[in-house]
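A.B. asks: Chain by chain, the residues:
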Amino acid sequence: MKKLKKIIPFVVLSAGLLTGCFKGKEDVKTVEEIKVPKATKELNIYTERHYDIDKELIAEFEKETGVTVNVAKAGSDELLKKLEIEGKDTPADLFITKDAARLGRAKDLGLLQPIKDKEILEAVPANIRDKDNYWTSFTYRARILAYNKDTTDPSIFSTYEDLADPKWNGKILVRSSTNSYNQALIASMIAANGEEATREWIKGLTANMARTPKGNDRDQSKAVIAGIGEVAIMNSYYLGKMIHSADPEERKVGEQIAIFFPNQKGRGTHINVSGMGITKYSKNIVNAEKFIKFFLSEKSQSRFTNENYEYPSNKNVEINGTVKSWGDFKIDDLTLSELGKNLKKGTIMADEEGWK
Amino acid sequence: MKKAGNKSMNLKNLKRNLNINLDSWLFTSLILSFFLLAPIVTLFTSLATQNIDTFIHIAKTLLPEYIRNSLIITLFTGLFTMGIGVSTAWILTMYDFKFSKFFNVGLILPLAIPSYIAGYVYSGIFSYTGIISKTARNLFGYNLNLDIMNIQGVIFIFTFFLYPYVFIIARSFFLKQSLSMLESAKVLGKSDTQTFFLVVLPLARTAVVGGVTLVIMEVLSAFGLPSYFGVQTFSTGIFRTWLTLGDTDAAINLAIILMGLIFTIIFIERKSRGRKQYSFTNTKIRPINKKSLSTKHSIIAIIVCIVPILFGFIIPLMQLISWSFMTYKDVINYKFIEVIWNTFSIAMVGAVLATVMAVIISNTSRLKKGKISKTLSKLTTIGYSIPGAVIAIGVMTFFIFVDRKVLGQKVFYGTLFLMVFAYIIRYLAVAYNSVESGFDKVGMKFHEASKTLGYGKTKTFFKVDFPMIKGSIIGAVILTFLEIIKELPLTLILRPFNFETLSTYAKQYADDEMVQHSAIPSIVLILIGIIIILFFERINKKKEK
Chain A
1 MKKLKKIIPF VVLSAGLLTG CFKGKEDVKT VEEIKVPKAT KELNIYTERH
51 YDIDKELIAE FEKETGVTVN VAKAGSDELL KKLEIEGKDT PADLFITKDA
101 ARLGRAKDLG LLQPIKDKEI LEAVPANIRD KDNYWTSFTY RARILAYNKD
151 TTDPSIFSTY EDLADPKWNG KILVRSSTNS YNQALIASMI AANGEEATRE
201 WIKGLTANMA RTPKGNDRDQ SKAVIAGIGE VAIMNSYYLG KMIHSADPEE
251 RKVGEQIAIF FPNQKGRGTH INVSGMGITK YSKNIVNAEK FIKFFLSEKS
301 QSRFTNENYE YPSNKNVEIN GTVKSWGDFK IDDLTLSELG KNLKKGTIMA
351 DEEGWK
Chain B
1001 MKKAGNKSMN LKNLKRNLNI NLDSWLFTSL ILSFFLLAPI VTLFTSLATQ
1051 NIDTFIHIAK TLLPEYIRNS LIITLFTGLF TMGIGVSTAW ILTMYDFKFS
1101 KFFNVGLILP LAIPSYIAGY VYSGIFSYTG IISKTARNLF GYNLNLDIMN
1151 IQGVIFIFTF FLYPYVFIIA RSFFLKQSLS MLESAKVLGK SDTQTFFLVV
1201 LPLARTAVVG GVTLVIMEVL SAFGLPSYFG VQTFSTGIFR TWLTLGDTDA
1251 AINLAIILMG LIFTIIFIER KSRGRKQYSF TNTKIRPINK KSLSTKHSII
1301 AIIVCIVPIL FGFIIPLMQL ISWSFMTYKD VINYKFIEVI WNTFSIAMVG
1351 AVLATVMAVI ISNTSRLKKG KISKTLSKLT TIGYSIPGAV IAIGVMTFFI
1401 FVDRKVLGQK VFYGTLFLMV FAYIIRYLAV AYNSVESGFD KVGMKFHEAS
1451 KTLGYGKTKT FFKVDFPMIK GSIIGAVILT FLEIIKELPL TLILRPFNFE
1501 TLSTYAKQYA DDEMVQHSAI PSIVLILIGI IIILFFERIN KKKEK
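Protein chains in written order, with my numbering: chain A, 1 to 356; chain B, 1001 to 1545.
So that you can see chain A by itself, here it is in the shape it has in the complex:
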């Protein structure tokens, strides 16, 4: 008896720890809650995007449909790894990310399933969604060249390829090759020009850099205005954000920057998308499709472009004024579905050629 008495506290303690006695103590949806009661009233999203606009639209979707949306946010690579490890037990129904290459990788890893209701994709041009409908974009941004409108004459710009030319020595600003936008750009170059040519391009580009890659996209445009380099490779979307920044000093920079869309005479300017796909083991497919439809609706789309300065994927929606003022451009649409395949190759290549 005595022996038993002494062991009890430890047994209780370890049992408590092992069964997770404090599980559900917080007001958080656990997996069981999601799965068991009313599966049709739930939708679980893994997303890399954490803009306030997404949050607001999700809340609106909940109100409109009565579906409870649960969101888990992390980097796209982490979320992909999660989906991979979870396999058929994944609680996620939708995977949302800011990178077409990651969407392609998710498809290739067998983590997604095709969107069956083709009607909801009607408004999205075929060149900005997966060719087998495993994913669709809902917004996109262009990887553009940014320059100082007071000091630079844009007639010197032509293509991404041209940036490897020695005439750009010491003039190019771009962030690290560890950034997903640059990885996608390299992947698109491989799709367009092949591996060897891309390797040479990376070599030339790296040799022309004004400084060791650092900082984020906004920092590149600030460096242009500061005169550290002449041209920055950056995302259109950040410029819109800067022009409407809370920080007056950032607004000033934003207003001094002008944009050039490269490769207009050839394949078009590289874009990247924010897109979504239904997970292969989704338990709430109907709600997932409802959600896609909602995100692609004209109402949501016009908010994406007006509040977040992205290009809307729905072709019927008017583009935001600031964004529109940069001009129409031709999209490089040949390669979007191919990006995932070249992602690893391109990343390794950038390492090898010294693009930090």
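Hints are computed from structural coordinates only; laboratory data are not their basis. Since the model is a prediction, treat every value here as computed from it, not as a measurement. Please note that a few of the clues may not be correct.
BS3-like cross-link-like pairs, simulated, lysine-lysine; straight-line CA separation at most 25 Å [claimed, not checked]:
no.: 1; chain 1: A; residue 1: LYS290; chain 2: A; residue 2: LYS55
no.: 2; chain 1: A; residue 1: LYS63; chain 2: B; residue 2: LYS1329
no.: 3; chain 1: B; residue 1: LYS1060; chain 2: A; residue 2: LYS203
no.: 4; chain 1: B; residue 1: LYS1405; chain 2: A; residue 2: LYS283
no.: 5; chain 1: B; residue 1: LYS1329; chain 2: A; residue 2: LYS55
no.: 6; chain 1: A; residue 1: LYS203; chain 2: A; residue 2: LYS356
no.: 7; chain 1: B; residue 1: LYS1060; chain 2: A; residue 2: LYS356
no.: 8; chain 1: B; residue 1: LYS1405; chain 2: A; residue 2: LYS345
no.: 9; chain 1: B; residue 1: LYS1134; chain 2: A; residue 2: LYS149
no.: 10; chain 1: B; residue 1: LYS1371; chain 2: B; residue 2: LYS1451
no.: 11; chain 1: B; residue 1: LYS1134; chain 2: A; residue 2: LYS171
no.: 12; chain 1: B; residue 1: LYS1190; chain 2: B; residue 2: LYS1290
no.: 13; chain 1: B; residue 1: LYS1335; chain 2: A; residue 2: LYS55
no.: 14; chain 1: A; residue 1: LYS299; chain 2: A; residue 2: LYS324
no.: 15; chain 1: B; residue 1: LYS1134; chain 2: A; residue 2: LYS252
no.: 16; chain 1: A; residue 1: LYS341; chain 2: B; residue 2: LYS1060
no.: 17; chain 1: B; residue 1: LYS1463; chain 2: B; residue 2: LYS1368
no.: 18; chain 1: B; residue 1: LYS1368; chain 2: B; residue 2: LYS1271
no.: 19; chain 1: A; residue 1: LYS252; chain 2: B; residue 2: LYS1329
no.: 20; chain 1: A; residue 1: LYS293; chain 2: A; residue 2: LYS118
no.: 21; chain 1: A; residue 1: LYS203; chain 2: A; residue 2: LYS171
no.: 22; chain 1: B; residue 1: LYS1290; chain 2: B; residue 2: LYS1186
no.: 23; chain 1: B; residue 1: LYS1410; chain 2: A; residue 2: LYS41
no.: 24; chain 1: B; residue 1: LYS1335; chain 2: A; residue 2: LYS41
no.: 25; chain 1: A; residue 1: LYS293; chain 2: A; residue 2: LYS280
no.: 26; chain 1: A; residue 1: LYS293; chain 2: A; residue 2: LYS283
no.: 27; chain 1: B; residue 1: LYS1271; chain 2: B; residue 2: LYS1441
no.: 28; chain 1: A; residue 1: LYS299; chain 2: A; residue 2: LYS63
no.: 29; chain 1: B; residue 1: LYS1335; chain 2: A; residue 2: LYS63
no.: 30; chain 1: A; residue 1: LYS315; chain 2: A; residue 2: LYS55
no.: 31; chain 1: A; residue 1: LYS283; chain 2: B; residue 2: LYS1410
Once you have looked at the hints, place chain B on chain A.
C.D. replies: Structure of chain B alone, referenced to chain A:
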């Protein structure tokens, strides 16, 4: 039975008691260790197919840079934190001057600011649109090109936000250990400076090495700051290999190299300090007669103390406050209270559980003088040397396996349990060190006396040991809490749906290049940290009395 007058009967009882108790402590310890180690073991055994192509690529192209950068950062951060930590601790121990009471607390405050938030803030201050360049440009028409996002910047930030680890340990050492030596040296006619270099520094060596080791461990496993600044280190390399290149094998190979490195450092530290133990919690002092300083010397002392507080606390806080005025409208809403509560409660649960486990394992290892328990106790603290993301994925993999194969239904996965569990693996070492030092200070005397008087081990623990090491236990909870609220990579991966903490909240804005918006969650995080630190200081003061 208890009143058996027979001596040999008594002895027999005692022996039986001993065995029973030994079993229950050891048994619990073993179970805990098993579960703490299982996720890590799972990870390493998942290396079924050793595909080394990617690893060869990394070894050829990136590994030299990872090693070089990690070593440079470690070396300089180690040296600088030592310089600042030791000099300020010495001045505050020896001299009395204006504000010295304030400095005693103020010098610890940078610990409340996570290094990645410091990174956001300083990159903002130094950016083209930051306060310095802006002022130079708009007021004086002068174009400055400042840059902090480089390896020097990483060292700068680690130095000013991690030196308190050295400061705390050095201060407690100076207060406690060197007093009699100091007095002897003075009697023998040595000046203060001579005393410092000839007597105190050699004596304090091991304590200082202990503090610097903590700094180095933090630096080596830190991910947020180097990745934001674009400086490739081991930690960022593991992350990149694993996730971007999608190569688990190569990432684990890298992790093993990193752990090897850290174990070497720990080994050197243990060897160098021999059997002495130093920790934050040892502060039993005899009051020292502090010297008053002349005005001139006072000013020097004040400058030496104010500079670290300025860079490590005041400047970043001011910048955050100014940003928060720009953005509070967008950030503060009803959800925000929930975020604060999440941060606080999860860290509290994690810290308390980690401490309870640390007590169990540490007490077992102390009572059972065997190889097994010693090894176990070392092994369970292994998590401190593994990057958070690696632990997160290990924990995920393990619990999915348990749910699927052992329980046959979803029980653990997707719950907060996983997160707390991972925190414990990651930070058990922090709690363990504090608790262990408490036990060391108490020694075995009282414990043995209690046993001789007929108490069992468990009863002895609660009636005798616990009250004596209560301070160390609270210290363990506080330090672990402080670590958990600042944690990021593990939290990001393991948090359940809709679960947001202050650190994830701050990070999401910084990732979106909206660093001004991360100010409010950062400030709240820092405030919680400050409150906890002040509480910690008060407890230490109480113990001194």
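A.B. asks: Does the alpha-carbon distance linking LYS252 of chain A and LYS1329 of chain B stay inside the 25 Å limit?
C.D. replies: Holds - the C-alpha atoms of LYS1329 of chain B and LYS252 of chain A are around 22 Å apart, at most 25 Å.
A.B. asks: Sort out whether LYS55 of chain A lies within 25 Å of LYS1329 of chain B, counting only the CA atoms.
C.D. replies: holds, 16 Å
A.B. asks: So if I understand the rule, the pair passes when the alpha-carbon distance is 25 Å or less; does LYS1134 of chain B with LYS149 of chain A pass?
C.D. replies: holds, 20 Å
A.B. asks: Checking one constraint from the list: CA of LYS1335 of chain B to CA of LYS55 of chain A, max 25 Å. Satisfied?
C.D. replies: holds, 12 Å
A.B. asks: Does LYS63 of chain A sit within 25 Å of LYS1335 of chain B, going by the straight-line distance between their CA atoms?
C.D. replies: holds, 17 Å
A.B. asks: What's the verdict on LYS1368 of chain B and LYS1271 of chain B, does the C-alpha distance respect the 25 Å limit or exceed it?
C.D. replies: With Cα atoms ~22 Å apart, LYS1368 of chain B and LYS1271 of chain B stay inside 25 Å; holds.
A.B. asks: Does LYS252 of chain A lie within 25 Å of LYS1134 of chain B when you go C-alpha to C-alpha?
C.D. replies: holds, 11 Å
A.B. asks: Has the given pair, LYS1371 of chain B with LYS1451 of chain B, been kept, meaning a C-alpha gap of at most 25 Å?
C.D. replies: It holds: about 23 Å lies between the C-alpha atoms, which stays within 25 Å.
A.B. asks: Below or equal to 25 Å on CA atoms is what counts here, so check LYS293 of chain A against LYS118 of chain A.
C.D. replies: With a Cα-Cα distance of about 10 Å, the restraint between LYS293 of chain A and LYS118 of chain A holds, given a limit of 25 Å.
A.B. asks: Is the hinted pair LYS1290 of chain B and LYS1186 of chain B satisfied, with a Cα-Cα distance of at most 25 Å?
C.D. replies: holds, 13 Å
A.B. asks: Is the straight-line distance between the alpha-carbon of LYS1134 of chain B and that of LYS171 of chain A 25 Å or less?
C.D. replies: holds, 23 Å
A.B. asks: Given the hinted pair LYS1060 of chain B and LYS203 of chain A, is their alpha-carbon gap at most 25 Å?
C.D. replies: holds, 17 Å
Hint compliance for this structure: hint 8 is the single one not met.
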